[in-house]
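Enquirer: All residue numbers for the sequence shown refer to the numbering used here, where the first residue is 58 and numbers rise by one.
Treat each hint with caution, since some may be false.
In silico BS3-like links for lysine-lysine, alpha-carbon gap of 27 Å or less [to be verified]:
1) LYS293 x LYS333
2) LYS688 x LYS567
3) LYS215 x LYS194
4) LYS555 x LYS465
5) LYS465 x LYS495
6) LYS495 x LYS567
7) LYS636 x LYS555
8) LYS623 x LYS695
9) LYS495 x LYS505
10) LYS341 x LYS414
11) LYS517 x LYS465
12) LYS195 x LYS209
Worth flagging that the hints you see were computed from the coordinates, not collected in a lab.
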Amino acid sequence: MPALRASVLIVAHPSPEAIAFGADFATGVDEAREALSEFRYPVIALPSSIADSREALELLEFANDASPLSQRVIIQNDTPAEDLRKLINAGQVFRILPSFDDPRFDLTIQEALEEYRLLQQNVKLLQLVNEQNERLKKLTGELEERVEVRRKSLEEAKEKLLVTNHRVEGLHRALVAIHRAGSIAEMERLINEAVSGALGLSWTRILFQSQGRLDSAAGIDSRLVSLHSAPLMRGKDVLGQIYFAREAARPFTRDENSFLGQIADSVALAIDRLTKLEQSETLKHQWEATFDAILDPVSLVTSDYTVVRINRSFAERSGSEPERVIGRKCYEAHFGRSAPCEGCQMGVRAGANFRLKPARTSGGENVIYEIFSQEITFKPEDRSLYVNMYHDLSAQLRYERQILESAKMAELGTIGSSIAHELNNPLGGMLSFLQLIKMEMDGSGENKPAWYDDVDEMEKGARRCRDIVQSLLGFTRKSSPDTTEILDLVDVLDQALKITELQTRAMGIKLVYEPSTESLELRGQFNALAQTLRNFLQNAQEAVAERLRTGDRAPGEIRVRLYPEKSTAHGEEIVVEIKDNGAGIDPLIGDQIYDPMYTTKDPNFNPGLGLTVAKQIIADHGGRLEIASTKGVGTTAKISLPSERSLGSTSSF
58 MPALRASVLI
68 VAHPSPEAIA
78 FGADFATGVD
88 EAREALSEFR
98 YPVIALPSSI
108 ADSREALELL
118 EFANDASPLS
128 QRVIIQNDTP
138 AEDLRKLINA
148 GQVFRILPSF
158 DDPRFDLTIQ
168 EALEEYRLLQ
178 QNVKLLQLVN
188 EQNERLKKLT
198 GELEERVEVR
208 RKSLEEAKEK
218 LLVTNHRVEG
228 LHRALVAIHR
238 AGSIAEMERL
248 INEAVSGALG
258 LSWTRILFQS
268 QGRLDSAAGI
278 DSRLVSLHSA
288 PLMRGKDVLG
298 QIYFAREAAR
308 PFTRDENSFL
318 GQIADSVALA
328 IDRLTKLEQS
338 ETLKHQWEAT
348 FDAILDPVSL
358 VTSDYTVVRI
368 NRSFAERSGS
378 EPERVIGRKC
388 YEAHFGRSAP
398 CEGCQMGVRA
408 GANFRLKPAR
418 TSGGENVIYE
428 IFSQEITFKP
438 EDRSLYVNMY
448 HDLSAQLRYE
458 RQILESAKMA
468 ELGTIGSSIA
478 HELNNPLGGM
488 LSFLQLIKME
498 MDGSGENKPA
508 WYDDVDEMEK
518 GARRCRDIVQ
528 SLLGFTRKSS
538 PDTTEILDLV
548 DVLDQALKIT
558 ELQTRAMGIK
568 LVYEPSTESL
578 ELRGQFNALA
588 QTLRNFLQNA
598 QEAVAERLRT
608 GDRAPGEIRV
618 RLYPEKSTAH
628 GEEIVVEIKD
638 NGAGIDPLIG
648 DQIYDPMYTT
658 KDPNFNPGLG
668 LTVAKQIIAD
678 HGGRLEIAST
688 KGVGTTAKIS
698 LPSERSLGST
708 SSF
């Protein structure tokens, strides 16, 4: 095992034991040569003159050969400047110190070691750089060879790419042409125009399976025409063949056949698409016609009430076009609301049927909807939609109410007629006996009995009762709806007033009647007009009663005027004006008073005919109805009916 060596060799040191760091020592030039032969010392410290300056110079030259990178520290000992210059030029002199005892000696040795390591690293780096340069030269040569090979490959690929791009462009044009074509003939022409530049085609032909094939039997001369055919497949079924032709001098290559096969596949898909599109368009038109033919509004909405599809009836009820409704909330589009409808149970349970509260649609109709809601789910995204059918119950409820009211009126008529007949006989007997009693008494002069006036008042009361009974009989008497007659409106109004007067007197309401001084004739139905006037009187009576119920102590009053009105824009008319000082109508209600489904009355009171029916009866008689009302002041109803001289041109009878 070789002996361990220090990194520093010190030559001719006068007192080696004084050195604190590890170092090898040589007493003379020979020992130093021997040590340098065995080990390359990083640092060599030697005096500038050992025995003489010549030996120190020879030792440095030897060190240059043995350890070129070693750093030399020269100890100057009175060496002439010329000899010292030779020593410096002879080798790597790191520093010159005056003596071994110089306090900088240790630090200088350490710095020299660091300089040696730095030089050693630089040498290694230089060596590494040289090796890398050689490797790079080798790689560069190989890369140049590969680049040349790649360049040739790219040129070949570029040529192929140009051909491919040309075909791809032709294929793209062909695909666009195929999908633009609306018929087979147009498809043939467009395909030929699209790929003729890439393939030089002369013509293209599409034949279905039932049309046969193109071959020599069909007049195709193979010496003049190069022909290629490709099957048109739909799954496993063969729809037909597509034929491509060009001059015989250019037969189709394998690549071209593959390219034309792609076009054939696209043509087959396009033909299948055209067939299915035609079928789907037919089904779509049939479905839309069926959907729009439904009279009730129908909508297809999402779970968050967004409208996806509607029929024509829904759009009409919404007062808008279908395009403006789709995408909006159903309650916003149909009712103009900002929140879901009250009573809506869509999505609460599957197949829910529910009824919404009475509302006014955006189209201006008052409706009561019963909604039939059914959930449907679309796969695979599990998207839920709701099909809602809106059935308007307004007409049904109106008819039910009219039937109920008609039944009540019929029953009331039967009861009233029975009561009138039962009262008529005893009243007739009472009136006869009272008249006989008066005939037996002398009602004039001094012989007039004291109770004669009482009997006379009893007779007047009996006559009044008889007139009331006769009015009840007339009011309940049935008449044909198609039968009209010449009527005196004075008699009609008189009958309606007699019945009303019985109630107003009991309620403490004053009824003031200002009759006409002349006969006012018109053509119409007695009972219909009497019931209409009775309805307005009943409304006035209930309006006054409503005000009295609020604690208002002002006396209730109903004023009735009957008068002719001549030279109007509507001709000669007869006017019935009924004015009360009742509760009046809220101006916000407006035209809703004519809505058959709207009422402000207490359901415990008799609703009568209703303004809708009364207005229609007046219109059927060629008349007009005007209502003026102030909340808390009262209401005036003005009924204008054409007289007999003008009725013929205005009445609907």
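Enquirer: Look at each hint and say if it fits the structure.
Expert: Hint by hint, here is what the structure shows:
1. LYS293 x LYS333: holds (17 Å)
2. LYS688 x LYS567: holds (20 Å)
3. LYS215 x LYS194: violated (30 Å)
4. LYS555 x LYS465: OK: LYS555 and LYS465 at ~21 Å, within 27 Å.
5. LYS465 x LYS495: violated (43 Å)
6. LYS495 x LYS567: violated (33 Å)
7. LYS636 x LYS555: holds (17 Å)
8. LYS623 x LYS695: holds (15 Å)
9. LYS495 x LYS505: Roughly 11 Å between the alpha carbons, so the hint for LYS495 and LYS505 holds.
10. LYS341 x LYS414: Answer violated: LYS341 to LYS414 is near 35 Å, above 27 Å.
11. LYS517 x LYS465: violated (33 Å)
12. LYS195 x LYS209: holds (22 Å)
This entry does not satisfy hints 3, 5, 6, 10 and 11, going by the numbered hints stated previously.
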